[in-house]
Each structure stands twice: as C-alpha cells, then as structure tokens.
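Asks: Each residue of the sequence shown is one higher than the one before, starting from 91 at the first, in this note's numbering.
The hints are simulated quantities; they were obtained by calculation from the structure and are not laboratory data.
Accuracy of the hints is not assured; some may be wrong.
With beta-carbon atoms standing in for the labels, derived distance ranges [claimed, not checked]:
(1) A115 <-> A135: 24 to 34 Å
(2) D144 <-> E123: 28 to 38 Å
(3) G145 <-> A120: 12 to 22 Å
(4) D161 <-> G130: 13 to 23 Å
(5) A135 <-> A114: 28 to 38 Å
Predicted model only: the values in this text are computed from it and were never measured.
Built from N, CA and C at the ideal position, the CB exists for glycine as well.
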Amino acid sequence: FIFDGGRDRVTDFANDVDTIAFDAALWDGAPPEIEMLLAGATVTATGLILNLPDGATLDIRGIFDASLLADDIVFL
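Could you put together the complete structure from these sequences and hints?
Replies: Spelled out as structure tokens, the structure:
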C-alpha cells in the first residue's frame with residue numbers, strides 16, 4: 091500500500107505480507123523512527139489509526155496492536 095494523504099482506510103491488511111509505504115516528504119524528508127509513529131497510533135473498535143503530521147490519518151482495519159506493524163512500514 092502507498093499512502094497519499096487524506097483519511098485513507100485499509101480493509102484487508104495482512105501482517106507480515108503487506109507493506110505500508112509512506113512518502114518521507116510528509117515529514118519534510120526526515121521521517122520518524124517507526125516506533126515513534128506507532129506510539130501515536132489510536133486503537134478503535136475496528137482497528138488502528140495512524141495519525142500523520144499533515145493531519146491525515148490511515149485507518150488499518152483488523153489490526154489492534156501497533157507493534158505488529160513495526161516490520162511492515164517503510165519510508166520512501
């Protein structure tokens with residue numbers, strides 16, 4: 091998956107199979123450590139919401155533990 095801003099939703103994410111790619115430009119070319127990104131995640135009744143610096147969110151349905159995503163996120 092590649093995130094491109096807004097309020098995007100992933101409904102079929104497969105842990106350790108799929109990858110979420112963020113554009114480093116969201117952080118002015120200096121993305122945070124993945125652990126810092128995940129520390130700001132919000133758990134909801136349907137999954138996990140990642141809050142991004144531009145006010146955008148990524149709603150990952152069916153994932154309730156942010157640590158599961160640590161090896162599934164990359165910055166481009």
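Asks: Each hint needs a verdict: does it hold in this structure or not?
Replies: So, going through the hints one by one against the coordinates:
About 32 Å separates the C-beta atoms of A115 and A135, a value consistent with the hinted range of 24 to 34 Å. Range check, D144 to E123: Cβ separation about 19 Å, and the 28 to 38 Å hint is violated. A hinted range of 12 to 22 Å for the beta carbons of G145 and A120 is consistent with their spacing of about 18 Å. As the Cβ distance of D161 to G130 is approximately 18 Å, the hint placing it in 13 to 23 Å holds.
Judged by the Cβ atoms, the range 28 to 38 Å given for A135 and A114 holds: they are separated by roughly 31 Å.
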